[in-house]
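Let's have the full structure, built from the sequences with the hints guiding it.
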Amino acid sequence: MKRNKRLSLVALCMFAMTVTAQTTEIAVVDRPFVTTQHASPTTYRTPLHGGCLKKLPVGQVQPRGFLREILNRQRAGLNGQLGTVSAWLDKNNNQWLSDTGDHGWEEVPYWLRGYSSLAYILDDEAMKREAQVWFDAVLQHVKPNGLLGPDAMDGDTQNPELWAKMPMLWALQTYYEHSGDERVLTAMTNYFHWELTIPDEHFLKGLWQAKRGSDNEWSVVWLFNQTGDESILPLIDKLHRCGVDWTMKNDLPNWHGVNVAQGFREPATYYIYSGDSLMLQAAYANHQLMRQRYGQVPGGMYGADENARQGYIDPRQGTETCAVVEQMASDELLMGITGDPFWADHCEQVAFNTLPAALMPDMRSLRYLTAPNMAVSDGRNHAPSIDNSLRGMLSMSPFSSRCCQHNHGMGWPYFAEHLVMGTADGGLCTMLYSASETETRVGSGQSVRIVEDTRYPFEEEVRFTLGLDQPATFPLYLRIPAWAEGATATLNGSPLEVQLKAGAYLRIARQWNDHDQLRLTLPMRITTQQWQQNKGSISVDYGPLTLSLRIDERYVQRDSSDPAIVQDDSHWQADVDKSLWPAYEIFADSPWNYALKVDDRQQPVDISMTRRPWPADDYPFTPDAVPLQFTAVGRRVPSWGWDDTGMTAQLPTRFASRAADEESITLVPMGAARLRITAFPQADVSGFLPDCED
4 MKRNKRLSLV ALCMFAMTVT AQTTEIAVVD RPFVTTQHAS PTTYRTPLHG
54 GCLKKLPVGQ VQPRGFLREI LNRQRAGLNG QLGTVSAWLD KNNNQWLSDT
104 GDHGWEEVPY WLRGYSSLAY ILDDEAMKRE AQVWFDAVLQ HVKPNGLLGP
154 DAMDGDTQNP ELWAKMPMLW ALQTYYEHSG DERVLTAMTN YFHWELTIPD
204 EHFLKGLWQA KRGSDNEWSV VWLFNQTGDE SILPLIDKLH RCGVDWTMKN
254 DLPNWHGVNV AQGFREPATY YIYSGDSLML QAAYANHQLM RQRYGQVPGG
304 MYGADENARQ GYIDPRQGTE TCAVVEQMAS DELLMGITGD PFWADHCEQV
354 AFNTLPAALM PDMRSLRYLT APNMAVSDGR NHAPSIDNSL RGMLSMSPFS
404 SRCCQHNHGM GWPYFAEHLV MGTADGGLCT MLYSASETET RVGSGQSVRI
454 VEDTRYPFEE EVRFTLGLDQ PATFPLYLRI PAWAEGATAT LNGSPLEVQL
504 KAGAYLRIAR QWNDHDQLRL TLPMRITTQQ WQQNKGSISV DYGPLTLSLR
554 IDERYVQRDS SDPAIVQDDS HWQADVDKSL WPAYEIFADS PWNYALKVDD
604 RQQPVDISMT RRPWPADDYP FTPDAVPLQF TAVGRRVPSW GWDDTGMTAQ
654 LPTRFASRAA DEESITLVPM GAARLRITAF PQADVSGFLP DCED
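Its first residue numbered 4, the sequence shown is counted upward by one per residue in the working numbering.
Be aware that a few hints might be false.
Within a straight-line C-alpha distance of at most 25 Å, the following computed DMTMM-like cross-link-like pairs (lysine to aspartate or glutamate) qualify [stated by the list, open to error]: (1) 57 - 233; (2) 57 - 440; (3) 208 - 102; (4) 94 - 133; (5) 538 - 647; (6) 581 - 133; (7) 94 - 139; (8) 208 - 133; (9) 504 - 517; (10) 131 - 72; (11) 208 - 139; (12) 581 - 556; (13) 252 - 240.
Honestly, the hints are just simulated from the structure, not real lab data.
Shown next as structure tokens:
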């Protein structure tokens, strides 16, 4: 069998420069590696496999610029304030705070893992104290047999409920990185020993846990890397054996959107224990299969709504906000396991294009389902156009649903934590690009500071300044995105005479000095993608940004406790001032049913870009503030409107009449558009029949 080049974990030097100075080596490599002899890399303890990159402890990477602004808004928004709003986080009789509680099941750990990461990144004392209340309670209520958290669900003591423990384990890992509290290691070790005692026939039984056991597997890997205790490693095998089979050929064991977003990577997590490269291939295959069947859409996600359905593949089908942040978390883990820059590219694609549009700019409300094509964001019941018969699936609400309401908070903090990662050869790697400041140790323990200055993805340059108390020798890797053909770099003002490769890394190993400067230029070009399975529709990209039609958005404020537009599975705490937490419906106040005019090369005709002033509030993800705007040519499709449920209709066929008149249309980055058309029908189609309707 031929080895998949993408999956190879041996870092191959693709292009090596002549040594420009005694202390400088420059190379272009497919993967980060351990030594200059290209040994198989690992940031894991023996006998684990893989591990090209390692996440730095929470707080060592400090976001700046617009990412810092996003985190500040999250602190003032729903995630930061949810402890005083959501009934599921009410401390009175909460099952995570006492042995007799009756609420808080998955909501507390869902919320706490994002909240605690945010607290430690921002070094917010009040938030840290609040997080400590929950962590102390969890660690103080560990049962004598090792069980942590709620004892059972619905009285079923024979088949233990393990799912809610999995996000809590992730939260505990973040807490340990911040605090070094040894109680975490003891509690997790005892808990894993308890899990090993559960008979297979009673292990991972239940609605979610068999499909999401990879989260538990990752926690075992994390703990082993902390302690080296090999007695817990067989649990990885048990979790893999008892969970659903994510290694199926040309099929998935489940098509629930959130399950896929976090479950597809399970074979790659199991690879860490087994060393079987077929497991890595299975994870890639799962990712690709979901997108072949339901992901023929821009923005990095897929049209699962809640459960993907055969025949429902149009770009109007949405993705849960839970699935968006779970996909990003999976991408981030796979970055570390494989070192493959593909996963960083994909994480940025989701983060910059889909996640911002799922949240209100003040981050005080969110949407349950977000789609590439949605010309309305209201509270109506749109079933069966979407796979849920409840109201409020598309409205912006602080009570969109109890899952997304609590889980969305990990998206941006986890992204920030993975901007810079450690390498197995004692260096650092810039994996996700955003303004930031990283203070950590390299090599044999030398302290280093890297200041990253950029407005990426809204500009092409990324500038790095190193700060060192004394010179230090270590490798620094810069990821070159797959779209960045013709990327260039300079070191202290001098061009590096090396041909950078898109979808690879620039590796610079040298003795670094205080105030050394690197400049990376990533040329952004307008490109298109044609989605053949979705009626040959076209999407437009500019570097990592996907573009959407700018639609004038009319916001109508609603009472967020009104059951007419809000789901009934989320509940308020008593005495909350609900007027501070409104819901919104968003309606189109301008035409949206445009087809895009493209030439024979599928490029937009007469497209041009305008750079606008950077927003004064440092938040670029609104139509009025976004610093990039494009104009192109479109033609209206009169028959393309609303379906019987009031939802954006499916893409028109090539036989649907296009208006004779061409119009100038405005495109903005997808993440700035809460209403948008992103997958466009073509304005002129071969075989076009102008007098025919759908």
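- Item | Hint numbers not upheld by this structure, sorted from lowest to highest | 8, 9, 11
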